[in-house]
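Got chain A; can you put chain B on it based on the hints?
Chain order of the listed sequences is A and B. Just so we're aligned: the first sequence equals residues 1 to 806 in the working numbering. Just so we're aligned: the second sequence equals residues 1 to 229 in the working numbering.
These aren't lab readings, by the way, just hints derived from the structure by calculation. Even for Gly, the Cβ is constructed at its ideal location relative to N, Cα and C. Mixed in with the good hints, there may be bad ones.
DSS-like, lysine-lysine: derived pairs with alpha carbons at most 30 Å apart [claimed, not checked]:
1) B:K138 / B:K92
2) A:K531 / B:K213
3) A:K513 / B:K213
4) A:K531 / B:K211
5) A:K513 / B:K183
Each pair of labels, with its calculated beta carbon distance range [claimed, not checked]:
6) B:E58 / A:C186: 49 to 59 Å
7) A:Q238 / B:E58: 28 to 38 Å
8) B:E58 / A:G297: 48 to 58 Å
9) A:L511 / B:E37: 27 to 37 Å
10) B:H11 / A:L630: 32 to 42 Å
To be clear about the criterion: a stretch of chain B counts as covered by chain A if any three or more of its residues have a C-beta under 8 Å from a C-beta of chain A, and this derived list gives those stretches [to be verified]:
11) 42 to 49
12) 117 to 129
13) 162 to 174
14) 190 to 200
15) 213 to 223
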Amino acid sequence: MTSDSARLFLPVGMVSAAALSYEILLMRLFSIIQWHHFAYMIISLALLGYGVSGIFLAINRERLTRHFPTIFTANLFLFSIAAPACFLAAQQIPFNPAEILWDPSQLGYLFCLYLLLALPFFFAANAVGSAIYRFREQLSLVYAADLAGAGAGSLLIVFLLFNLFPGQTLLVLSLLGLLATAVAVCALRQQTGFRGFLVWISALAICIMPLQWVSPELSPYKGLKQQLRVPGAKIVHQASSPLGQIAVVKSPLTPLRYAPGLSLNAMTGPPEQLAVFTDADGMTAIDRYDGDKANLGYLDQMTSALPYHLNKPERILILGAGTGLDVLQAIYHEAESIDAVELNPQIIGLVRTRYAEFAGNLYATDKTNLHVGEARGFITSTRNRYDLIQIALLDAFGSSAAGHYAPAENYLYTVEALQDYYRHLQPGGYLGITRWIKMPPRDTLRLLATAAEALKRLNIGYPERQILLIRGWQTSTLAVKNGVITPGEIEALRRFCETRSFDPAYFPGILPKETNRYNILPQPYFFQAAKALLGDDGEKFQADYKFDIRPSTDDRPYFFHFFKWETLPEILSLFKQGGISLLESGYLVLIATLLQALIASFLLMLLPLNIWKTKLGFNPSSSTHYRTLLYFFSLGLAFLFIEIAFIQKFVLFLHHPLYAVTVVLSTFLLSAGLGSRFCGKIGSSRGIFIPVVAISLLSAGYVLFMSNAVHLLLETKSAVKIALSILLIAPLGFFMGMPFPMAMRRLSETLPALIPWAWGVNGFASVISAILATLIAVQFGFNILVVAAVMLYFLAALNFPPPLEH
Amino acid sequence: MIAKPVIADDHYLQLRRNLIQRIEYDVKATSEFLDAEKLSDNVIQALLKVPRHEFVPENQKPYAYENRPLPIGHGQTISQPYIVAIMTDLLKLDMRDRVLEIGTGSAYQAAILGEIAAQVYTIEIIEPLGSAAGEKLKRLGYANVHSKIGDGYYGWESEAPFDAIVVTAAASHIPPPLIRQLKPGGRMVIPVGDLFTVQQLLLVTKDLNGKVKTRQMLPVRFVPLTGQH
Chain A
1 MTSDSARLFL PVGMVSAAAL SYEILLMRLF SIIQWHHFAY MIISLALLGY
51 GVSGIFLAIN RERLTRHFPT IFTANLFLFS IAAPACFLAA QQIPFNPAEI
101 LWDPSQLGYL FCLYLLLALP FFFAANAVGS AIYRFREQLS LVYAADLAGA
151 GAGSLLIVFL LFNLFPGQTL LVLSLLGLLA TAVAVCALRQ QTGFRGFLVW
201 ISALAICIMP LQWVSPELSP YKGLKQQLRV PGAKIVHQAS SPLGQIAVVK
251 SPLTPLRYAP GLSLNAMTGP PEQLAVFTDA DGMTAIDRYD GDKANLGYLD
301 QMTSALPYHL NKPERILILG AGTGLDVLQA IYHEAESIDA VELNPQIIGL
351 VRTRYAEFAG NLYATDKTNL HVGEARGFIT STRNRYDLIQ IALLDAFGSS
401 AAGHYAPAEN YLYTVEALQD YYRHLQPGGY LGITRWIKMP PRDTLRLLAT
451 AAEALKRLNI GYPERQILLI RGWQTSTLAV KNGVITPGEI EALRRFCETR
501 SFDPAYFPGI LPKETNRYNI LPQPYFFQAA KALLGDDGEK FQADYKFDIR
551 PSTDDRPYFF HFFKWETLPE ILSLFKQGGI SLLESGYLVL IATLLQALIA
601 SFLLMLLPLN IWKTKLGFNP SSSTHYRTLL YFFSLGLAFL FIEIAFIQKF
651 VLFLHHPLYA VTVVLSTFLL SAGLGSRFCG KIGSSRGIFI PVVAISLLSA
701 GYVLFMSNAV HLLLETKSAV KIALSILLIA PLGFFMGMPF PMAMRRLSET
751 LPALIPWAWG VNGFASVISA ILATLIAVQF GFNILVVAAV MLYFLAALNF
801 PPPLEH
Chain B
1 MIAKPVIADD HYLQLRRNLI QRIEYDVKAT SEFLDAEKLS DNVIQALLKV
51 PRHEFVPENQ KPYAYENRPL PIGHGQTISQ PYIVAIMTDL LKLDMRDRVL
101 EIGTGSAYQA AILGEIAAQV YTIEIIEPLG SAAGEKLKRL GYANVHSKIG
151 DGYYGWESEA PFDAIVVTAA ASHIPPPLIR QLKPGGRMVI PVGDLFTVQQ
201 LLLVTKDLNG KVKTRQMLPV RFVPLTGQH
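With the rest of the complex left out, here is chain A (with noise of 0.2 Å):
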């Protein structure tokens, strides 16, 4: 027995793997064919697979015993084609997200996409847990392989997104699905003649299937689709990576205009450019530049250029330099050296190499510095001191206006990052940092409540002495200065304020009459908002204001999420008149994926127990199962509590999302894998108490420690770091392992038949659980979010399943 379940170890391995890469595939898809938000709800819900699995499971649990080998083969065969092929189906289904408030065919359309991507979830899953089910005596082994493979899977996605365009990558994993479906039929000893055969001519099928089959088909609605509509327009190149697919469009006939914010007094609009779309949207633009500074006039006719009017920046650092446009506002007004920080290095390489003479070899100047990396990474690990340090307008309009963005996370704009960037200049040196305008106000409302806490947390005496704020109709621009603000100063804003008819929201002094003059709203909410963030009366001003503008900080850093319940039934009051643009999409996308996820799990799990009462072995009316059940739930719940807490604890420990991710996610996984792999002498009720306690004590060591450690490591080599995080994370995640086989293993000794049972509610929670994660975060932050997992540990721990009674 041993042995089958060990030969299984691989087969398992791999379909998890296979299953754990196609999940952020999916997202990686749909976020490039709809919009990231959309993406997550419907990948979320497709997830539901996994409990579903469950209940099919315990449903067969009799004819799973008889006839494991063929079900084990046969449920790997069909992830491995189903893989693409709902994926295919699925972009047959023309939903429109935009359209679902009115026109309910959006939500068949939405359920038919969940059902589809649901199958391959489900696929895996049975394969998975028919083999807990069958080597339930060995579980520990199977659960192992299915953790290890997980965590290589976290790490194979990496990889294939870094070299393969998505649709490539689905044929990959179908392909890895296959192989782990022969090495099944390999390892159970079954006759391979008709078995084998179906597997090659289907591998046969996935080779030669042409790839535009497999290639996202984007909405109608998205941006890059929008602007191939413009005659001549074409994509002349694509690179893809986890951080997203980049199309670059040429448009010869009607040439490409990305100004934004741009003055109403300005004559002229930007030189030729080429569009650069990431994810088929968020436009942004590389200028042709031939070093004559008189095409770049536009750049100065931005709120952002507002710092280079109040004194004469030359040393210059630029967060977020993408596709450069900002480096030549500096070069415009001559800067005399410029430190250009960027995350992304295709885009980088697109200024720098593809299209390096195009843009003028702007990134390889005598004056220019380029810094791949992350803006707080850099911005921690250097010595230097700038005149000028600028935020560029990183997000999209249209995105951050609907909202899209407020359960993402961003450190850029924290109070913590703040006071990095202060400490970063030089006396009299500025931060500007410009957004985009929202009404009613939002964004720009927030910076400024984010800058004055992180003066006051300087201990500036008065930081109104030291802040100006000012705006176009599309966008406002913040300074900080390292210093007091002087009159001169105060005369080159409204000089530059004059010219380009912008309004000054906030100086030293500034009087009532001096704002709301050119881009007239309602009331002057700016300047209302920034004299009360700056004076006395911030916290009520926070309090009264109807959106949640309080500054963001590295523990709870949702910078663009304003939503305040207490608003809610103001907006909906409003809903048929327009009060939908009051609400952010994104979080509202959270909140209706919740619900869907929780009615859904609560009647997939309800619904099956009222038509087969006896068929599925759990008995209502004993407490035992429910405890059982609850047990398998809270641990659910509480492992993906963990580990999303302390993968955004390593973002800005590693300081780079994508590495913090993989780095986390794949010790957590193999870590657990090991940890189920040893409890095997661990198993009483008592015993449960022993990696509950041991994983509360790291939590708890590392939320109280984690901030001064990467204070200590701030110039540490990424590698280090690295070694470190994994160090730091394998205890954690090797005691997060034990919980689920020592109940299961508990579990084949006195109820055997609740084990898919089991398997079923852990998926169910897990799905629920990444959701709430986010949510949790969002209201009350991350710290909290670790003291609930603790505590749901606790939960878990006083209702292991009790032994056989005699």
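Relative to the frame of chain A, chain B by itself:
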């Protein structure tokens, strides 16, 4: 008003009346933001006259008189009637005005403008949409609405200046040529948002001295501040 009145059957006329009632209700609710208690009579008459169902694809006709945007193909939409109404009202048009529209789309907005203004010039960049719109306007008798296919960034130089401009096509900024083609005293309206949801309306005005200002308006009754500040 040159356009021939379009004869609608009773059914559609009743649907339009109902729609206008809903729009008027919404306008009243939002009046403090729009600087008007109610829509101008000429806007109401235009809404009553123009057969919106003629401007939507066949499969969308059942929804033509619902107060919501509808897809018209080519990744474009016909705007929500309420938004069309308040945008038109903000232009404060009379029958002597010359109007430029950037982004013809379904041509519904152009037809509404054609009912009120003297001459309407509309430009569409997407070829199939532009030709379909041109034919439709002709068939429905809007002789005062002139359409062409092209890049709206440069406006319609030969017919400039204009008393009013409507920009319905998305742009990263207000094109300087359009500001130049706006007459002193003229008004330009731009909806800001995505294709299905208008987040704010931008009214650009040029005073008699040529000074340009904007006003940003929410199409919904909402004040973000409570209390005194």
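Among all the numbered hints in the text so far, which are the ones the structure does not match? 10 and 11
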